[in-house]
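Produce the complete structure using the sequences and hints provided.
Chains H and B are the protein sequences, given in the same order. Just so we're aligned, residue 216 is where the first sequence starts under the numbering used here, counting upward by one. Just so we're aligned, residue 216 is where the second sequence starts under the numbering used here, counting upward by one.
There may be inaccurate statements among the hints.
You can't tell identical chains apart in this list, so a pair holds if it fits in one copy or across any two.
[To be verified] Calculated lysine to any residue pairs in the SDA-like style (CA-CA distance at most 25 Å, straight line):
| # | residue 1 | residue 2 |
| --- | --- | --- |
| 1 | 398 | 455 |
| 2 | 398 | 420 |
| 3 | 558 | 590 |
| 4 | 312 | 328 |
| 5 | 312 | 361 |
| 6 | 312 | 326 |
| 7 | 398 | 589 |
| 8 | 312 | 327 |
| 9 | 386 | 464 |
| 10 | 608 | 265 |
| 11 | 393 | 348 |
| 12 | 608 | 581 |
| 13 | 393 | 342 |
| 14 | 386 | 259 |
No lab work stands behind these hints, which were simulated from the structure alone. It should be emphasised that the depicted structure is a prediction, and the values quoted were computed from it without experimental measurement.
There are 2 protein chains.
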Amino acid sequence: MRPPLGAAFAPLILSSLPALAADTPPVYESRRETADRLIDAAMSSDEAWRKIAYLGDHIGHRLSGSSQLSRAVDWAAEQMALDGLENVRRQRVMVPKWVRGAERAEMISPRRAELAMLGLGRSIGTPPGGITAPLVVVDSFDALHAIRDSDVHGRIVLWNVPFTTYSETVKYRWSGAKEAALKGAVASLVRTVGRGTLRNPHTGAMAPYEEGIPRIPAAAVSIEDAMMLARISERGEEVTVHLEMNARTEPDAESHNVIGEIVGRERPDEVVVIGGHLDSWDVGQGAQDDGGGCVVSMEAVRLLIDLGLRPRRTIRVVLWTNEENGTAGAEAYRESLGDDVHKHVAAIESDGGVENPWGFGLTVWANEDQDVDEARQERVLEALREIAPLLAKVGADSIAPGGGGADISPLMENLVPGLALRTPMDLYWDIHHSEADTVDKIDPIALNRNVAAMAVMAWALAESTVPLD
Amino acid sequence: MRPPLGAAFAPLILSSLPALAADTPPVYESRRETADRLIDAAMSSDEAWRKIAYLGDHIGHRLSGSSQLSRAVDWAAEQMALDGLENVRRQRVMVPKWVRGAERAEMISPRRAELAMLGLGRSIGTPPGGITAPLVVVDSFDALHAIRDSDVHGRIVLWNVPFTTYSETVKYRWSGAKEAALKGAVASLVRTVGRGTLRNPHTGAMAPYEEGIPRIPAAAVSIEDAMMLARISERGEEVTVHLEMNARTEPDAESHNVIGEIVGRERPDEVVVIGGHLDSWDVGQGAQDDGGGCVVSMEAVRLLIDLGLRPRRTIRVVLWTNEENGTAGAEAYRESLGDDVHKHVAAIESDGGVENPWGFGLTVWANEDQDVDEARQERVLEALREIAPLLAKVGADSIAPGGGGADISPLMENLVPGLALRTPMDLYWDIHHSEADTVDKIDPIALNRNVAAMAVMAWALAESTVPLD
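Okay, structure coming up:
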């Protein structure tokens, strides 16, 4: 007989939280045994691969408001029910509906050459017939600000910023159109925010247009094309570009978060929420971003159910809608909780691809302003470090500060500790938001390791006898 | 005073050719000094980069019969003249003119999804409105042959053959349409013959259609799309594809080989010919395939001229036209020589990209049937191994059997030793024949190393006092 699983973590967590009672005997091996069962089950299954391959191949990409996203919602709810998840439900959410429409860009002079491009989410279209204008190439906001307005007016700005980190370079995708418009530009092109130079443009969201600032269309061009346009400009030649976009924003559309759970045996109202986002950009298959995260979360709970491991607290899977261009799903989920948000003991998002996981990142906020609660974060990190060795077998035993995710941010603002399932993201930045984000990029073994990591971490947190505070 | 440069190689070459007289003193250091001057000049110049960047950015891709190829011919001849090459001339060649036209492919069922595709060179178009047919997926010729004709008839064949080596997989691009047509298929799709999975299809030539075999259109699809179509088929679902191609072959067009040289000081009628092909496919910039090889050859001779190093024999640069879909340029050059082909002492082609070179491959044929003359090849290999150490500084000091190139094959059939400037081709198979073959893929330092290797090898062979036989 093993002691009740629920007691397994108490001594280790308590060792870092000395204010709490330490009256439970060491049960390390018992905890290990259950974790190993979850890991073995995850690693010997092809169900995660089957799910992601179906989602990618038979449904495909799924932008908010698209029929594919509706199909994905139906499919996910059906799968959860088939897998025996409890309280399977759809949570209605109205989401923005941005439609790309036909689009193209061409260098007109000094020679004609088609450019590989993708309009940015939220962008308006061009006037009928498109925009043809000379280019001004810059590599930073400062560089644009240093140019006289009259030398930007009527031109198209190209933000030719080499990718360093996502956070450093995504700001040009996000704010480039606004900054360009403020200088009188007629359109904004951003060098693809990503790596992977096989002439593969990456789309993504731009900031909502602001009152009082001219609305200009914005698109991403491939790294190759950005470099070419910049080289030609640097040689002192005037580059003229033609941009034609039929992008438009239609009225909000109905969508749904998909929710299923395994109800806790002792504290069913306390919840560990895990998930990813079911929507994607309208290119590729949304495989690494973020079909993989959805499947990992669905599978983690399926394994618990299959193994008869009902945890102390409820583990809830939420597949959020509209992460890519609005996070309406995340907001709706938070709203639906009311004060029960405080009964969420932890939230884990998998939205960094499903490469071989190395562990979990954690952030604990102190308020809605997203200031970090350093002391509490350190305590929770210590608690996670007691769990992590269970994941050494799949290489996911590192714990680091810096976690969360767009979909769990509203929970974190309500002081819920936010974890991110972490991967090296080696390939991720080559493919995300592009036609190349397809299921062939997913290694089934790495996918299973993510399932194992999510299952063990969620289970351990749901079993914990102490609060993470 | 150094001894005359021309004597420099005699002792070393003779050491491997004992039948010839060995009456020249060792002059190794003198040979080294000149080689170092060439290497230093190559490595300190940005002229090779300037040339390839201009060719790629300002002229772009250049398929046989295109206006861009004509522009490239003009540009190359002009550059050679400006650089002081002698006897700069254009050699008129009539070349095939294949025109891609608008094209697309779409999976129609079990769901609709646009496929990333490129029609194959020489393919006919589809009938107006395109072809819509169910798919049959195979991974080898044998696999297709094993299927009953009635199960292929009226279908589109997808050759889903993973890339191993080029020679092993290119045969499906080359012969796939013929083999499919013989089984009654209505079109042939080939998985991209290459690596680099960012949904980047690679085009290339298919075999000319044969009398008596139905002509069906043929295209390449991206690796991702081939894998997806195969996965869906493997799940037992019927996949239907719509293919629409406006490809056509127009009457032959005028083109030119571009030729320039440095005339030999002692044996001007004996020639070491070096070069690459100026044409490319109609996508990307034809940078690694084979703008780089052209620039390397032009620059090698420019350096000799700039350094005042007139070799014993003539070194001739030939930028061949129409390598990609016909080799009419190579044939025309051979024809123009008549019996003088036997005065070509060696031919060197650079058509393996301009990554960091590791040395040279060599093939010596015994006849027009391309049987290898093993004994002579071994002797010439030994001679090359005496030269190679001069290239250690740029890492290009390896000599291996297996050389040649499509453009120098007609010379090699006339017993001219054929060398290939060799690189690891690490990136080459990711990009060749695709939109991603752009000049940003070229490392200027690696490019200069190729110039150095070509210059030293061509100079050493042109200086040699002994024939390579």
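Status of the hints after comparison with the structure:
Taking the shortest Cα distances, residue 398 and residue 455 sit within 25 Å of each other inside one copy (18 Å), while across copies they are farther apart (50 Å). For the homomeric pair residue 398 and residue 420, the shortest alpha-carbon distance inside one copy (21 Å) is at most 25 Å, but the shortest distance between copies (48 Å) is not. In this homomeric assembly, residue 558 and residue 590 come within 25 Å of each other (Cα to Cα) only inside a single copy, at 20 Å, whereas the closest approach across copies is 84 Å. Taking the shortest alpha-carbon separations for residue 312 and residue 328, only the inter-copy value of 20 Å comes in at or below 25 Å, while the best intra-copy value is 32 Å.
In the homo-oligomer, the alpha carbons of residue 312 and residue 361 never lie at most 25 Å apart, since the shortest distance is 37 Å inside one protomer and 49 Å across protomers. In this assembly of identical chains, the alpha carbons of residue 312 and residue 326 lie at most 25 Å apart only when taken from different copies (21 Å versus 37 Å within one copy). Taking the shortest alpha-carbon separations for residue 398 and residue 589, neither the intra-copy value of 41 Å nor the inter-copy value of 70 Å comes in at or below 25 Å. With identical chains, the CA atoms of residue 312 and residue 327 are at most 25 Å apart between copies only, with a shortest distance of 20 Å across copies and 34 Å within one.
Proximity of residue 386 to residue 464 under the C-alpha cut-off of 25 Å is restricted to the intra-copy arrangement: shortest distance 22 Å within a copy versus 48 Å between copies. Taking the closest pair of Cα atoms, residue 608 and residue 265 come within 25 Å of each other only inside a single copy of the chain (23 Å); across copies the shortest separation is 52 Å, beyond that limit. Taking the shortest Cα distances, residue 393 and residue 348 sit within 25 Å of each other inside one copy (18 Å), while across copies they are farther apart (47 Å). Proximity of residue 608 and residue 581 under a CA criterion of 25 Å is satisfied in neither setting, with 34 Å inside one chain copy and 60 Å between copies.
Within a single copy, residue 393 and residue 342 get their C-alpha atoms as close as 18 Å, which meets the 25 Å cut-off; across copies the closest is 47 Å, which misses it. In this assembly of identical chains, residue 386 and residue 259 lie within 25 Å of each other by CA distance neither inside one copy nor across copies; the values are 42 Å within and 38 Å between.
In this structure, the hints that do not hold are numbers 5, 7, 12, 14, in rising order.
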